[in-house]
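Asker: Chain residues, written in single-letter form:
2 protein chains.
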Amino acid sequence: MSRPKPLSGFPEYTPETRIIEQRVLDRLRQTFELHGFGSIETRAVEPLERLVKQGEIDKEVYAVQRLHAEPDARAELGLHFDLTVPFARYVLENAHQLSFPFRRYQIQKVWRGERPQEGRYREFTQADIDIVNVDELAGHHDVELPLVTLAALERLHVDLGVPPVLMRVNNRKLSEGFYRGLDITEPAGVLRVVDKIDKIGPQRVAELLVSDAGLTPTQAEACVRLAQISTADQSFVDQVRALGVQHAQLDEGLELLADVVATAAAYVPGRLVADLKIARGLDYYTGTVYETELVGFERYGSISSGGRYDSLASDGRTTYPGVGLSIGVTRLLAPVLGQGLLRVSRPVPTAVLVAVDSEDDRSGAIAVAEQLRARGISTEVAPKADKFGRQIRYADRRRIPYVWFTSAGSGEVKDIRTGDQVPADPAVWTPPVADLAPRVEPVTG
Amino acid sequence: MSRPKPLSGFPEYTPETRIIEQRVLDRLRQTFELHGFGSIETRAVEPLERLVKQGEIDKEVYAVQRLHAEPDARAELGLHFDLTVPFARYVLENAHQLSFPFRRYQIQKVWRGERPQEGRYREFTQADIDIVNVDELAGHHDVELPLVTLAALERLHVDLGVPPVLMRVNNRKLSEGFYRGLDITEPAGVLRVVDKIDKIGPQRVAELLVSDAGLTPTQAEACVRLAQISTADQSFVDQVRALGVQHAQLDEGLELLADVVATAAAYVPGRLVADLKIARGLDYYTGTVYETELVGFERYGSISSGGRYDSLASDGRTTYPGVGLSIGVTRLLAPVLGQGLLRVSRPVPTAVLVAVDSEDDRSGAIAVAEQLRARGISTEVAPKADKFGRQIRYADRRRIPYVWFTSAGSGEVKDIRTGDQVPADPAVWTPPVADLAPRVEPVTG
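Those sequence lines, one after another, are chains D and F.
Position 34 of the first sequence, counted from 1, bears residue number 1123 in this note's numbering, the numbering being contiguous throughout.
Position 417 of the second sequence, counted from 1, bears residue number 1506 in this note's numbering, the numbering being contiguous throughout.
Bound-form chain D, shown alone:
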């Protein structure tokens, strides 16, 4: 068997890089749980009919079928391409045993048969939070969700050195109310054109709004001016008011968005702006919409997006509105790993290597290791009885900070970074907390 080659679009990490990913996932989980979100996991497959009927049908689905299926049997299952479709199905299936409003997080792999390119994968990890309720969901959850997401992303920044983020927020009600206040009858068409403003510029958007969406030049100009408003505080409200448009739905949207911005400014200052051009492609968002860029890496696209959907799921009798945000963990890690922004203090969990002088002495080394492990210190016993220097080299290659020497009852521990070696008792010796587990740190300079 020759050396296998990686599969394009299916990233796999080295053990060292996996430690970075684990630290990221651990912090997301901790933050979600700190805010009262419980974990669920859904199966990897959904009935194909459920996957292909969603709004965005251009998602490339992977079909799954038993290899030993009848030759002309049609596949009935597919791998999920996001965590929202399975979550909606899970809510319908388990509604009778869930407490609403139901707060859940879900960290799992998803699969898309897309053409792999920078920041786009065929298998990748998402971390989603959603709050879903029966019949109605209060607007304050639209304020809460970005706060939780930003708290999680801020921990990645402060604790690990991941770049900071900027979340851009809009509200569909605001835009649509504004359009309706201008007597525009088809706001969805306007949103689709305005969504292109970053790519084609405001001038071209204004032209298209007239030529394609049938607006008057005055209407088009007002829509472009609205889309150009972006503020880190509530001043966007006055800027919108200055455009002189009146509509009840606009008022509602303004109030909700002002609340989001004010609360974020209090708890995660500098990380969130109102940005009235944000539309988001998905048809099911009906209120607040979010997208998030990694500062300095904007070209990788949004690393966390979501919004409010008035009907996340429905069984015909009951409707479940929700609001959710999804963090693209693999996409977030792409520039961080690709540009070597973070480093790991060691590629193994091991803090202490217990040296073995001779194979006859291995049981003594195991006894020392067990004493250290009993106090939470990750320990390995040397795989081979060997000379002093080779044992040090074994530890050094893995950047294991301490080597423990046992000989005739007495023990000594050496910090191989400083060369300091001191007598030590395996029942009480403890390394500094910073050495207990691999540390993830930003590469500076």
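Worth flagging that the hints you see were computed from the coordinates, not collected in a lab.
Every value quoted in this text rests on a predicted model; they were computed, and no experiment measured them.
The reader is advised that the hints may include incorrect statements.
Not the full set, but computed from the structure, chain D residues with beta-carbon under 10 Å of chain F [unchecked claim]: (1) GLY1127; (2) LEU1140; (3) VAL1334; (4) PRO1472.
The beta-carbon is built from N, C-alpha and C at its ideal position, and this holds for glycine as well.
The hints should help you fit chain F onto chain D, whose structure is shown.
Answerer: Using the frame of chain D, we list chain F on its own:
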């Protein structure tokens, strides 16, 4: 859309049950890392050719193919059915950047298109540990691996209340050396028959050994007597010696197995026995073999199996021998959950619900919640401004132990289990450690 039905063989847990699974997975991870095993994850798919050429070709593989593939295109990928095949491929692919002996754990889902039945699933979670080296791997790792696995399973028992386990260990060298010492030329055929001893009994095994495997009645009797030896200490060695068979490979196997039993007796007493009938179906095991039952739930089959393979992977020039054990997490949980052996103190992470008197006061409630979260206390703000009694009921339904009342600057916290309510400062108040996170406990009586 009507209420969806579960897919047979694809178990999904309620949020409450998921907490049990998370606790189990956390403890496995902690124990593996404590013993110096690092995490890797491999992609869910492998080339089909790699999946179907393995020894046990009756594994039902799920093929994976883009839904938009050409109509007559053949699937090239399949979902992995275990974590050993992907690990072997990962080692070959990344050998140049791994340090050997390489110690890794891997906790992931695997898929098999099997007929679902009790304890058998189409999607389930495995937790594997392996040590792999280049060219040769020392025998003491055969002693180390069951110790790590038993330490992990013992934590599930002691910390969570999962039933205790019994690991049965044999060594292929021992059996094969014994057979060769009896001048049996095809030990593999004998092993296959002996493997059925639990099902068909020793008498029938002896008959088959004569009729099918071509042994003399004396040889057959010796093989059956060997297979009936099982001891919790090293006394099996004398019992084998008493059978009067001599062979160098037998000596080697006896010594290795005695070492496993003695070390396990010292560190995890009562959890491991030498059991000379254990053969394991897989052809690639070449030395020690392990299987493990949950005491009282033996009929669910082995919940942790593995062994030594002299050639886990090979690229034609280099051979990578390994020893590994796999814990079937989903199968282990089946009787534990099915029989309600464990209970969770609450189905949500939340320790404190901050009540909201009126919507105007929500920002004050958020401020209290943020103070509590900053000190690691999982906190939710009530979704609706409501009366005292309804807020209590909201918490009670989720078994959230504390409700925080804010009114005009002063705060009070109520333990809803006891009814005690005391003035409290969100900057310093902390619940007892036992209330910080949901607890998993055995159901007693």
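Asker: Holds or violated: is there a CB of chain F closer than 10 Å to the CB of PRO1472/D?
Answerer: At about 5 Å, which falls below the 10 Å cut-off, the nearest Cβ of chain F leaves the hint on PRO1472/D intact, so it holds.
Asker: Close enough to count: is the Cβ of GLY1127/D nearer than 10 Å to one in chain F?
Answerer: holds, 4 Å
Asker: Does the nearest C-beta of chain F fall within a distance shorter than 10 Å of the C-beta of VAL1334/D?
Answerer: violated, 27 Å
Asker: Classify the hint on LEU1140/D as holds or violated, based on whether any CB of chain F lies nearer than 10 Å to its CB.
Answerer: holds, 8 Å
In terms of the numbered hints stated before, the structure departs from hint 3 and from no other.
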